[in-house]
Every structure is written in C-alpha cells, then in structure tokens.
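Below, each chain spelled out in residue letters.
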Amino acid sequence: MRPFLYEQPASTPEAIGAAARHVPPHGEGRIQAPAQYLAGGTNLLDLMKIGVSHPPALINIGPLRAEHGAIEADASGLRLGALARMAEAAEHPAVLRDYPAIAQALRLAANQQLRNMASLAGNVLQRTRCNYFRDPSWHACNKREPGTGCAAMEGINRRLAVLGVSDHCIANYPGDLANALAALGAEVDLVAPDGTGRSIAFEDLHRLPGDTPHLETTLRPGELITRFRVPAGPWTRRSLYLKVRDRESFEFALASAAVALDIGGGVVRDARIGLGGLAAKPWRSREAEAVLKGRRLDEAAAGEAAEAAFRTAVTHGDNAFKPELGRRTLVRALLQAAEMEI
Amino acid sequence: MDITLKVNGTERRLAVDVRTTLLDALREHLDLTGTKKGCDLGQCGACTVLMDGQRVLSCFTLAVAAEGTEITTIEGLAGEEDPLHPMQQAFLEQDAYQCGYCTPGQIMAAIACVHEGHANSDDEIREYMSGNLCRCGAYPKIVAAVRQAKPLMERA
Ligand SMILES: Cc1cc2nc3c(=O)[nH]c(=O)nc-3n(C[C@H](O)[C@H](O)[C@H](O)COP(=O)(O)OP(=O)(O)OC[C@H]3O[C@@H](n4cnc5c(N)ncnc54)[C@H](O)[C@@H]3O)c2cc1C
Ligand code: SF4
Ligand code: FES
Ligand code: FES
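Top to bottom, those sequences are chains A and B.
Going by my numbering, the first sequence opens with residue 1, and the numbers climb by one from there.
Going by my numbering, the second sequence opens with residue 343, and the numbers climb by one from there.
Treat the hints loosely; a few may be bogus.
What the hints assert, rightly or not - Mimicking DMTMM-like on lysine to aspartate or glutamate, the simulated pairs with C-alpha atoms at most 20 Å apart in a straight line are:
id: 1; chain 1: B; residue 1: K483; chain 2: A; residue 2: E248
id: 2; chain 1: B; residue 1: K379; chain 2: A; residue 2: D46
id: 3; chain 1: A; residue 1: K293; chain 2: A; residue 2: E339
id: 4; chain 1: A; residue 1: K49; chain 2: B; residue 2: D359
id: 5; chain 1: A; residue 1: K49; chain 2: B; residue 2: D464
id: 6; chain 1: B; residue 1: K483; chain 2: B; residue 2: D424
id: 7; chain 1: A; residue 1: K293; chain 2: A; residue 2: D262
id: 8; chain 1: A; residue 1: K49; chain 2: B; residue 2: D366
id: 9; chain 1: B; residue 1: K492; chain 2: B; residue 2: D465
id: 10; chain 1: A; residue 1: K49; chain 2: B; residue 2: E370
Unchecked claim - Pair by pair, the computed Cβ-Cβ distance ranges are:
id: 11; chain 1: B; residue 1: V360; chain 2: A; residue 2: T12; range: 21 to 29 Å
id: 12; chain 1: B; residue 1: R468; chain 2: A; residue 2: A75; range: 52 to 60 Å
id: 13; chain 1: A; residue 1: R247; chain 2: B; residue 2: V360; range: 34 to 42 Å
id: 14; chain 1: A; residue 1: D270; chain 2: B; residue 2: E412; range: 43 to 51 Å
id: 15; chain 1: B; residue 1: L356; chain 2: A; residue 2: R247; range: 36 to 44 Å
id: 16; chain 1: B; residue 1: D359; chain 2: A; residue 2: E251; range: 27 to 35 Å
id: 17; chain 1: B; residue 1: D465; chain 2: A; residue 2: T12; range: 38 to 46 Å
id: 18; chain 1: A; residue 1: E91; chain 2: B; residue 2: L356; range: 30 to 38 Å
id: 19; chain 1: B; residue 1: G479; chain 2: A; residue 2: D74; range: 16 to 24 Å
id: 20; chain 1: A; residue 1: T12; chain 2: B; residue 2: G479; range: 44 to 52 Å
id: 21; chain 1: B; residue 1: P482; chain 2: A; residue 2: A75; range: 43 to 51 Å
id: 22; chain 1: B; residue 1: D359; chain 2: A; residue 2: I342; range: 50 to 58 Å
Bear in mind the hints are in silico, worked out from the structure with no lab data behind them.
In this text, a Cβ means the ideal position worked out from N, Cα and C, and glycines have one as well.
Generate coordinates for the entire structure from the input sequences, incorporating the hints supplied.
Put into structure tokens, the structure is as follows:
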C-alpha cells in the first residue's frame with residue numbers, strides 16, 4: 001500500500017472542506033480520484049492493498065455517522081443515512097416489514113463482520129470484482145488504465161456482465177443493495193465541496209461503461225452522498241431479493257433479482273424489477289415491468305417478462321449461461337413475490 | 343503517528359505508520375498474536391475482533407481509525423488464572439478445530455453471533471458464521487460448539 005495523507009474530520013463541512021483541498025475541479029466518478037472518503041474501508045482498503053487504488057489522501061468519514069447514519073420511515077417513504085451500516089439497515093424493523101427486498105439484499109451480502117463495518121454509500125459505490133481489474137499484473141484493463149484494452153473480453157469472464165456492456169468493458173456491478181434501490185426508484189442526496197446540495201435519481205448515479213469504463217459514477221469531484229430516499233408505494237411490501245450464487249452464503253451474485261409488485265384484483269397493477277450480478281451497473285428493467293402491467297402473474301407472463309429483460313443481452317464465451325440463469329432467477333422471484341402473504 | 347488503542351481493557355500507546363491495519367498493530371506492535379492473518383483481504387475471518395462489542399475484520403480497519411474504540415481480542419476473553427470463556431471451553435470440548443489457525447477468529451465471531459441473537463438454529467449459525475473459513479473443515483463441530491456455548495453465555 002502506498003502512503004497517504006490521513007484526515008479525520010469531525011463534521012460534514014470539515015469533510016467536504018478536506019475534499020475541496022485535494023480534489024481538482026474535474027474528473028467525475030474516477031477510480032483514481034486524488035482523495036477518497038473512507039467509510040467502512042472494506043472496498044477501498046482492499047483495492048489499496050492489492051495495488052489497484054492509490055489515493056494520495058483518505059478522508060475518514062466514519063465520525064460523520066452521527067449526522068448521516070439515521071434510518072427513518074414514514075408514510076412518504078424510507079430514508080437511509082449514507083453512513084448507516086449494512087447490518088443496521090438489514091435488521092431495522094421498518095425495513096424488514098415494509099421494504100423486505102432491501103433487508104434481504106443486505107442480509108444476503110458479504111458476511112456479518114463486513115456488514116458491521118460497511119456503510120450503505122460505500123456498498124453502493126463498490127467496484128467490480130473483475131479478476132483483471134483486481135490484478136494489476138494484467139496490463140489490459142480499460143477500467144483501471146484507460147486505453148489499455150480489456151483482458152476479460154477473451155479471458156475468464158464467467159461472472160461478468162451480459163447487460164449494459166460495451167466493447168471496452170464487460171465488468172459486472174457486483175453489489176446487491178443497489179439493484180433493490182434502482183428497482184424501487186430511490187433518490188440520492190448529495191452535498192458538494194462548496195456546500196451546495198442536490199438530489200439525483202439512484203438510476204443516474206452509476207454510468208454505463210461506454211468508451212469510458214474508468215468513469216463509474218456521475219458524482220462530481222468531492223461530492224459526498226448523505227442519504228438514500230426510497231419512496232413509499234403499494235409495491236414495497238410485496239418485494240423480495242433472490243440471489244443465486246456459487247456457494248450458499250458469503251458470495252457475490254451470479255444472478256439476482258429485486259422485484260416489487262402491486263397486485264390487485266388478480267392482476268399486476270405495478271411492477272418494479274431490478275437485476276444484479278448480470279449488468280454493468282445496478283439494473284432496472286422497465287422492459288420486463290411493462291410486460292407485466294395489467295396482467296395476471298402466471299408462469300407464462302413471468303417468462304415473457306424475463307425474455308424482455310434479456311433481449312439486449314450480449315455474452316462472451318464463459319458467461320454464455322448467464323442470460324438463461326438470469327431469466328430463471330427473475331421468473332422464480334416474480335412467482336415467489338406473487339405468492340407472498342402481506 | 344502516535345496513537346492510543348484500548349485493547350482488552352488496557353490503554354496502549356504506540357507509534358504506527360498511517361497504513362498500519364489494526365491487525366498488524368495488534369500482532370506486530372502490541373505482541374497480541376492470537377488474532378490471525380489469513381488472507382489480509384477480508385475473505386477469511388481469521389482476523390475477527392470485537393470493536394465496541396461488534397465483530398469486525400481487523401485487516402480492513404486502519405489502526406488510526408480504531409482510536410477511541412474498545413477492542414477485544416481472543417487474549418481478552420479470560421485472564422491467566424480465570425476459567426475459559428464458555429465459547430473457548432465449548433470449542434475445546436467439541437474438538438472444533440484441527441490446525442487451530444482459524445480458531446481465534448471463529449471464537450470471536452461465535453461470541454458475537456450469540457450476542458446478536460443469530461444462533462437460534464444450526465442453519466442460522468451456519469449462515470451467520472459464513473465469514474469464517476476453516477481450511478481444515480471443522481464446520482460441523484464449530485456449529486456444535488456454538489450450540490453448546492449459547493445457553494451458558496445467556497445464563498452468565
Ligand atoms: C470478501 C467480500 C465479500 C463481499 N460480498 C459482497 C456481497 O455478496 N454483496 C455485496 O453487495 N457486497 C459484497 N462485498 C462488498 C462490501 O459490501 C463492500 O466492500 C462494502 O459495502 C463497502 O462499504 P464501505 O463502507 O466499507 O466502503 P469503503 O470501502 O469505505 O468505500 C467504498 C468507496 O465508496 C466511497 N464512499 C464511501 N462512502 C461515501 C459517501 N458517503 N459519499 C461518497 N463516496 C463514498 C469511498 O470513497 C470509496 O471509493 C464483499 C466484500 C468482501 C471483501
Ligand atoms: S471487463 Fe472491464 S474491468 Fe474487466 S478487464 Fe475488461 S475493462 Fe477491465
Ligand atoms: S485476514 Fe482479515 S479476513 Fe482474512
Ligand atoms: S482448524 Fe485449521 S483452518 Fe480451521
């Protein structure tokens with residue numbers, strides 16, 4: 001690990017002030033940002049240890065948990081403080097009762113030690129687990145070093161993405177929570193180094209790789225995530241997160257589905273569908289949602305929705321099994337959600 | 343950097359490079375080698391310690407960021423003259439190890455697992471102990487040890 005300057009601000013103004021001192025006014029959402037906020041550190045220190053990330057400065061925002069760690073729910077929706085820990089959100093009574101897809105996405109992620117450390121914002125911003133990205137002894141990785149090529153394209157890509165990929169990068173977004181937040185139409189509250197706040201749709205937080213896979217998010221330099229807001233809706237209670245993986249626990253998703261349904265009079269009034277492990281960014285499938293609206297949710301309808309979700313899938317050899325696995329995962333998730341007693 | 347860590351109830355002063363993890367601070371600076379380094383990348387659980395009562399990975403914690411917290415390691419569970427912690431005793435009686443390398447991390451995680459209320463069935467124990475890998479495959483006996491220690495811990 002390379003040496004870095006360490007700062008431990010006591011408040012939000014101090015933290016964004018520290019960021020403003022280090023961050024040049026360009027370079028949105030870059031992997032190699034000159035200063036990085038340190039939350040739980042479970043992704044950042046990992047990447048620093050393996051030589052992928054070498055920020056000159058770390059700004060420990062752990063002490064800001066008192067300001068940005070609350071979890072609150074009311075009739076308008078759920079508010080998740082960016083620094084709430086994964087374990088706290090996973091076991092919060094309101095999340096468990098009214099937003100089960102969020103609770104399950106968290107509980108099925110990582111392990112309890114990591115969930116005790118990791119923050120929600122850090123979780124959402126975690127980097128891909130693409131083997132070539134994580135191993136700097138490989139030269140070719142456009143995400144790590146723009147313009148070097150992509151070793152995964154014709155290499156080991158079994159876990160990598162089939163949706164939203166480009167000719168420059170096929171890395172999958174590995175996290176779980178973000179797919180549920182995308183499906184449920186969450187918003188993200190941000191504060192910039194100059195103190196101004198803004199909100200963006202969660203779906204707009206991550207970028208598709210296109211020809212700039214090294215730019216992962218639309219965060220502006222030094223911007224701090226303070227909160228996620230999930231709007232209430234008749235679909236949130238009938239929601240779940242189904243995760244399929246190589247081992248039963250403590251493993252990333254090969255395929256996952258976050259689904260939320262509003263069913264009335266035997267038909268789907270509204271559906272929210274997110275997919276994980278399969279796409280270049282947290283994925284919401286409006287195509288699949290549209291198929292289900294106004295229909296009775298039976299196996300045929302679920303199958304058609306799954307077809308629609310993967311119509312644009314592109315595979316690269318090892319990962320050719322993923323569209324089918326993804327379709328089956330989504331079908332099972334939809335049928336299970338339809339059966340839920342709420 | 344000069345820092346003070348509160349480990350097993352005692353304040354210890356030490357000088358560390360800013361990059362030092364809590365794991366290396368414990369092992370290399372404070373001579374507390376009970377906490378093990380397996381992968382150093384959050385993948386094995388061997389480095390599990392309690393921080394303010396919660397189980398965390400010391401390989402992913404910067405020592406400087408651990409200032410002001412209360413850290414408990416395997417060495418802090420029972421004094422030289424004291425009886426073993428019920429979880430230590432249960433691991434011994436159930437023979438829940440072979441080489442023993444993962445054991446300190448398993449025991450720290452298991453204690454937290456019981457305190458969290460995540461040890462109510464064998465399935466739940468397996469799920470909530472999944473962050474602690476055992477190269478020797480002592481898993482069935484580890485589950486048995488957690489099951490044995492749980493009522494004793496709850497009574498204590
Ligand atoms: C072995 C292992 C298995 C795992 N399995 C899973 C899994 O199955 N599912 C899953 O979802 N995850 C999994 N993870 C990933 C883990 O959940 C993430 O590492 C963790 O959630 C990151 O949170 P953190 O608070 O530690 O982030 P950090 O490492 O502190 O930060 C990550 C990034 O986010 C930035 N950041 C953090 N907070 C903010 C903020 N408020 N505003 C702006 N930027 C911010 C940091 O600068 C950094 O770039 C696993 C990790 C490991 C090591
Ligand atoms: S898939 Fe993306 S992250 Fe992986 S090697 Fe190619 S460019 Fe790098
Ligand atoms: S040494 Fe920390 S998890 Fe393996
Ligand atoms: S006893 Fe050898 S690794 Fe667990």
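Okay, the hints, checked on the actual structure:
1. Taken as a hint, the K483(B) and E248(A) pair is honoured in the structure, with Cα atoms around 19 Å apart against an allowance of 20 Å.
2. Only pairs whose Cα atoms come within 20 Å are accepted, and K379(B) paired with D46(A) is accepted, the gap being roughly 14 Å.
3. A distance of roughly 17 Å separates the Cα atoms of K293(A) and E339(A); the hinted pair therefore holds under the 20 Å criterion.
4. Between K49(A) and D359(B) the alpha-carbon distance is near 15 Å, which keeps this suggested pair within the 20 Å criterion.
5. A distance of roughly 35 Å separates the Cα atoms of K49(A) and D464(B); the hinted pair therefore is violated under the 20 Å criterion.
6. This hinted pair does not check out: K483(B) and D424(B) have alpha carbons roughly 25 Å apart, beyond 20 Å.
7. The suggested pairing of K293(A) with D262(A) holds, with an alpha-carbon distance near 10 Å, which does not exceed 20 Å.
8. Taking the CA atoms of K49(A) and D366(B), the gap is near 13 Å; set against the 20 Å cutoff, the hint holds.
9. Simply put, K492(B) and D465(B) have alpha-carbon atoms about 15 Å apart, close enough for the 20 Å limit, and the pair holds.
10. Taken as a hint, the K49(A) and E370(B) pair is honoured in the structure, with Cα atoms around 18 Å apart against an allowance of 20 Å.
11. Separation of V360(B) from T12(A) is about 23 Å and conforms to the stated range, judged on CB atoms against 21 to 29 Å.
12. At roughly 39 Å, the beta carbons of R468(B) and A75(A) sit outside the given window of 52 to 60 Å.
13. Between R247(A) and V360(B) the Cβ separation comes to about 35 Å, which falls inside the hinted range of 34 to 42 Å.
14. Here the CB-CB span from D270(A) to E412(B) is close to 48 Å, well matched to the stated 43 to 51 Å.
15. The given range of 36 to 44 Å is respected by L356(B) and R247(A), whose C-beta atoms sit roughly 38 Å from each other.
16. About 33 Å separates the C-beta atoms of D359(B) and E251(A), a value consistent with the hinted range of 27 to 35 Å.
17. Between D465(B) and T12(A) the C-beta distance comes to about 42 Å, which sits within the given range of 38 to 46 Å.
18. Against the hinted window of 30 to 38 Å, the Cβ-Cβ separation of E91(A) and L356(B) comes to about 35 Å, which satisfies the hint.
19. Under the hint 16 to 24 Å, the C-beta atoms of G479(B) and D74(A), about 48 Å apart, miss the expected range.
20. Restraint check, T12(A) to G479(B): a C-beta distance of roughly 48 Å satisfies the suggested window 44 to 52 Å.
21. Checked against the hint of 43 to 51 Å, the C-beta distance between P482(B) and A75(A) comes to roughly 48 Å, which is consistent with it.
22. D359(B) and I342(A) have their C-beta atoms about 53 Å apart, which keeps the hinted 50 to 58 Å range intact.
Of the numbered hints given earlier, the model fails hints 5, 6, 12, 19; all others are met.
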